[in-house]
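Just so you know, the protein sequences line up as chains A and B, in that order. With our numbering applied, the first sequence covers 163 to 717. With our numbering applied, the second sequence covers 163 to 717.
There's no promise every hint is true.
As the list claims (entries may be wrong) - Heads up, incomplete: computed chain B residues facing chain A, CB under 8 Å, no partners named:
| no. | residue |
| --- | --- |
| 1 | Asp-209 |
| 2 | Val-519 |
| 3 | Val-520 |
| 4 | Arg-561 |
| 5 | Gln-568 |
| 6 | Ser-569 |
| 7 | Arg-619 |
| 8 | Gly-626 |
| 9 | Gly-649 |
| 10 | Leu-650 |
| 11 | Pro-651 |
| 12 | Ser-656 |
| 13 | Ser-713 |
Hints in this document: simulated from the structure, not taken from any laboratory. Please read these numbers as outputs of a predicted model, since none were measured by experiment. By construction, the Cβ of each residue, glycine as well, lies at the ideal position given by its N, Cα and C atoms.
There are 2 protein chains.
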Amino acid sequence: MSTDRLIYLPLGGAGEIGMNCYVYGFGPKGRERFIIVDLGVTFPDMDTTPGVDLILPDIDWIAERADRIDAIFITHAHEDHIGALAHLWPRLKAPIYARAFTAHIAHLKFAERGLDETAIHTTAAYPETVQAGPFTVAIAPIAHSIPESSALIIDTPIGRIVHTGDFKLDQTPGVGEAYEPKLWASIAKPGVRALVCDSTNVFVPHPGRSEASVGPAIVDLVKSAKGMVVATTFASNIARVRTLAEAGHQAGRSVVLLGRAMKRMITAGLHVGILKDFPKTVAPEDTAGIARENLMLLSTGSQGERRAATAQLSRGKYLGLSLKPGDLFLFSSKTIPGNEKSVSRIINAFSEMGVDVVDDSSDTYHVSGHANRPDLQAFHRIIAPKFLIPMHGEHRHLREHVKLAQSGGMVAALAPNGVMLELSGNAPTVVEHVETGRTYLDGRVQIGALDGVVRDRIRMALNGHVVVTLIIEAGEPLGDAWCEVMGLPELGTSRAPLVEVLEADVTRFLMRAGKKALKDDAKLVEEIRRIVRKVAQDEVGKKPEVSVVVSRLAG
Amino acid sequence: MSTDRLIYLPLGGAGEIGMNCYVYGFGPKGRERFIIVDLGVTFPDMDTTPGVDLILPDIDWIAERADRIDAIFITHAHEDHIGALAHLWPRLKAPIYARAFTAHIAHLKFAERGLDETAIHTTAAYPETVQAGPFTVAIAPIAHSIPESSALIIDTPIGRIVHTGDFKLDQTPGVGEAYEPKLWASIAKPGVRALVCDSTNVFVPHPGRSEASVGPAIVDLVKSAKGMVVATTFASNIARVRTLAEAGHQAGRSVVLLGRAMKRMITAGLHVGILKDFPKTVAPEDTAGIARENLMLLSTGSQGERRAATAQLSRGKYLGLSLKPGDLFLFSSKTIPGNEKSVSRIINAFSEMGVDVVDDSSDTYHVSGHANRPDLQAFHRIIAPKFLIPMHGEHRHLREHVKLAQSGGMVAALAPNGVMLELSGNAPTVVEHVETGRTYLDGRVQIGALDGVVRDRIRMALNGHVVVTLIIEAGEPLGDAWCEVMGLPELGTSRAPLVEVLEADVTRFLMRAGKKALKDDAKLVEEIRRIVRKVAQDEVGKKPEVSVVVSRLAG
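Please construct the entire structure, taking both the sequences and the accompanying hints into account.
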């Protein structure tokens with residue numbers, strides 16, 4: 163039908179690294195059928211989201227059209243692609259398709275929350291396809307830093323879309339399928355209308371190295387170590403975990419897995435059969451008889467996460483194990499921007515213990531899971547799409563990726579979150595701006611990013627909180643006002659306790675205020691707030707958040 | 163006298179990058195005379211110090227011995243060396259010595275706080291000396307990223323100490339004195355007992371480049387730019403600011419300084435005469451008639467500081483100026499660890515405006531102010547001290563610097579903050595552990611890091627704050643309890659307003675509680691706190707901070 167249109171709408175992941183969620187639609191305007199690609203999370207921080215547990219994409223737009231969703235595809239099991247699935251699926255209820263390893267992780271998440279696991283369908287790889295409304299989708303293996311990462315080959319009535327997911331051009335990735343140029347040439351052969359492409363490493367100028375290149379360096383390092391060796395990496399990077407374990411094994415060391423995620427991922431890998439030959443491991447409680455120069459620990463927490471095994475080791479003991487002078491700690495990982503301080507806190511703690519730390523600065527013991535700039539160019543050439551649409555990147559990455567594609571003679575369009583592109587015409591066209599944003603998982607509740615809850619927390623953290631309580635009986639203040647002060651210095655510049663100065667000044671105001679002033683709650687609260695902020699500013703130089711509780715007794 | 167000892171005690175800066183404060187003492191134990199080198203600050207962050215304005219070293223130890231301080235030396239005018247001077251000097255009251263540019267900045271700080279400026283002495287450079295008790299101190303020019311950075315040549319009755327301050331081996335630093343190998347060889351000639359040495363870049367493997375090397379690259383970049391050019395760097399890096407201004411000038415652009423610090427530093431440089439040939443600038447308000455391709459703005463805020471000119475430009479307008487597609491923004495600076503997110507927020511905002519951003523990733527338009535690993539080795543060899551003591555570094559930097567020195571055959575000692583070394587013997591010996599820490603400047607008040615104020619703020623930010631107010635009259639609860647909730651979701655899992663559930667449960671408890679339970683304030687508060695935390699955990703999955711205000715009426 164000539165009125166059908168093909169649309170692309172990122173709800174997360176385009177304008178940030180994290181929280182991936184992309185929508186494709188096909189059909190007459192307003193009656194399109196949809197598929198969703200990925201439902202990921204991003205992580206909170208103290209600066210902008212204190213107290214928040216997880217950040218989810220705001221999916222209101224697609225949830226309001228849930229009856230038109232034919233499928234949800236998950237490209238791989240990293241949290242920024244799968245982490246929101248169990249939290250948001252109840253509002254979508256569409257069938258979920260993923261390959262075995264990813265589906266296994268989805269099952270664990272659904273089981274944890276008591277959701278209907280029959281919604282999850284384990285799918286064979288390309289050339290097998292899934293029919294989802296007007297879309298015929300194949301899940302094509304591509305290399306990344308987690309097993310079974312996949313690109314999607316999305317065939318629509320008006321042409322093929324290649325959605326890369328996260329990928330790198332690694333022909334020897336260790337665990338999981340290799341990047342196969344021939345496979346991708348054959349996928350591209352019928353012609354590709356749009357390549358929707360990972361942009362993470364568009365600023366990295368050199369070609370990516372293979373996972374296979376880190377093995378020998380790690381083996382050498384472990385062999386030359388004199389004391390205990392501890393290495394950390396992302397638990398989901400099963401290829402790396404195996405490389406590390408094998409290096410320990412080759413050096414005659416007993417391998418110990420530390421941290422729940424590490425064990426869960428290895429178990430998952432063995433369970434779905436992608437991991438066949440993991441070296442024998444020793445449980446932490448069985449290491450007592452083993453000399454420390456014969457131990458190799460693999461621990462979670464490469465990003466400095468406070469509760470992970472690595473951070474616990476840096477604070478002392480973890481399951482009876484502790485580091486000593488002469489031990490070696492290896493970060494076989496990259497520090498994600500924003501985590502520098504947590505990681506460096508841990509490195510310094512190890513330094514104080516006399517432990518030698520090898521971090522990611524030499525670039526020898528880690529490779530990235532994303533295609534670098536020349537790799538992107540190579541992939542552009544192989545796929546040779548009509549349009550290139552960058553995703554999985556901050557705005558600067560997307561913009562640079564557009565420029566890179568254009569410099570190679572391609573048509574490219576920049577579509578950050580909320581920008582709906584129509585891909586049916588001769589060029590990608592912006593057809594709508596959809597309201598998008600973030601939803602916070604806060605304890606057990608989902609709250610909107612603009613609800614003011616987190617804003618209040620930030621204000622209390624910056625300015626402290628004063629609560630004023632007063633009783634009014636028959637229109638007259640009954641006794642003094644009480645102030646409760648939290649997060650402010652005890653003594654002000656007058657050297658009197660701040661709380662006493664506040665109480666005296668508010669009480670003085672109450673005593674002088676006329677009956678009329680005491681009648682109007684809103685005005686009374688406003689005036690007391692003004693007084694408290696002024697006194698606190700004079701005494702300690704801060705304007706706190708103020709809550710006023712007025713209790714009225716009949717008298 | 164054979165009982166005299168020479169001691170070194172870092173109170174800040176050894177175990178962190180920032181907050182430098184070092185004490186040297188000479189004399190009989192317990193009766194030493196002291197000099198202090200530097201009184202710097204470090205900067206707060208949301209993770210650990212929300213709401214704090216500045217972090218100062220805890221100087222209790224030396225303040226208790228203030229009558230034995232003969233002098234305070236300030237090596238240079240970076241905030242991590244001079245920032246605490248005006249805040250802490252009232253507790254020390256010793257004369258301050260610094261070279262002209264540094265002394266000028268000290269004067270500005272003293273004037274701001276109404277302190278006695280006669281305490282500040284402007285000192286000529288080496289070979290001039292200052293006599294300070296048993297110490298004869300010369301302030302020796304050395305290159306860094308601010309004019310007139312200095313090392314101290316501290317002569318004691320038992321030998322010479324070289325305290326480097328911050329330095330690099332730059333023989334063409336642009337503004338300020340060059341590093342002169344011959345000068346340092348002559349200083350080393352009489353023999354140096356201890357070299358107390360900057361460790362910041364001990365992990366950077368290649369030799370440092372000169373400031374002079376960035377000029378041509380910047381000129382080329384500015385000449386090739388088509389639109390307006392904006393560049394940011396540290397305002398105190400006057401050499402760089404001049405290089406940038408000259409590049410603009412050479413490209414036929416009018417140069418505009420944006421941001422208070424930028425103007426203050428240039429004015430200071432001209433005032434003390436270290437800057438003689440700064441290109442003519444145009445005031446922001448006089449740029450209306452100038453085509454944007456003829457403008458070059460130099461703006462403060464290279465670290466993403468929210469209120470600085472750069473951040474304001476990224477949010478829209480600053481003094482009538484704004485960026486447009488095709489403009490160029492240059493970070494002629496390095497992002498200090500911890501500031502990555504703020505800087506990248508700004509880069510993305512510029513990207514959204516269509517501005518091309520050149521950041522520090524290429525290492526072309528910026529050089530560091532600190533000696534790299536091979537430079538440190540070269541300096542070790544020139545000074546050839548009896549002992550090397552690393553300072554100005556996190557623990558890992560100090561430890562690596564010790565190893566580096568030892569690998570060159572030197573005797574080196576690791577002394578983090580609070581570790582007092584005796585330098586009089588044949589090897590540096592730890593003689594005492596002094597309690598050190600951090601003092602927070604919080605608004606107008608100094609508070610101890612362990613006072614609990616900041617801990618309460620962090621807890622409120624993570625968990626929210628609930629205040630419960632109740633009135634007890636003649637031993638009976640008068641009416642219901644009121645709850646004031648701040649920083650928690652409005653609705654819980656029961657879909658009822660959290661505040662109502664809390665009030666109902668606390669009131670129910672009050673109604674059921676016996677007279678005895680209502681009599682004991684401590685127990686009552688404890689029980690209510692327990693109830694509130696349990697209800698909040700059930701409803702929203704968070705355990706808030708709870709304050710309980712009990713008002714007792716006689717009845």
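Tested hints:
Checking Asp-209 of chain B against chain A by beta carbon gives a least distance of about 4 Å; that is within 8 Å, so the hint holds. For Val-519 of chain B, the suggested interface contact is upheld, since its CB lies about 7 Å from the closest CB of chain A, less than 8 Å. Look at Val-520 of chain B: its Cβ only gets to about 11 Å from chain A, farther than 8 Å, so that hint breaks. Hint status for Arg-561 of chain B: holds, given a least beta-carbon distance of 5 Å to chain A, under 8 Å.
For Gln-568 of chain B, the interface hint is violated, since its Cβ never comes within 8 Å of a Cβ in chain A; the closest pair sits about 14 Å apart. Here the hint on Ser-569 of chain B is broken, as its CB sits about 14 Å from the closest CB of chain A, past 8 Å. With 8 Å as the threshold, the beta carbon of Arg-619 of chain B comes within range of chain A, its nearest partner Cβ sitting at about 4 Å, so the hint holds. Annotation: interface hint on Gly-626 of chain B holds; nearest CB of chain A at approximately 6 Å, less than 8 Å.
Satisfaction of the interface hint for Gly-649 of chain B is found here, the shortest Cβ-Cβ separation to chain A being roughly 4 Å, below the 8 Å cut-off. The beta carbon of Leu-650 of chain B comes within 7 Å of a beta carbon in chain A, closer than 8 Å, and the hint placing it at the interface holds. Of the supplied interface hints, the one on Pro-651 of chain B holds, with its beta-carbon coming within about 4 Å of a beta-carbon of chain A, less than 8 Å. Contact between Ser-656 of chain B and chain A, as hinted, is not supported at the beta carbon level, the nearest pair being about 11 Å apart and thus beyond 8 Å.
Against a cut-off of 8 Å between C-beta atoms, the interface hint on Ser-713 of chain B holds, since the closest Cβ of chain A lies about 6 Å away.
This entry does not satisfy hints 3, 5, 6, 12, going by the numbered hints stated previously.
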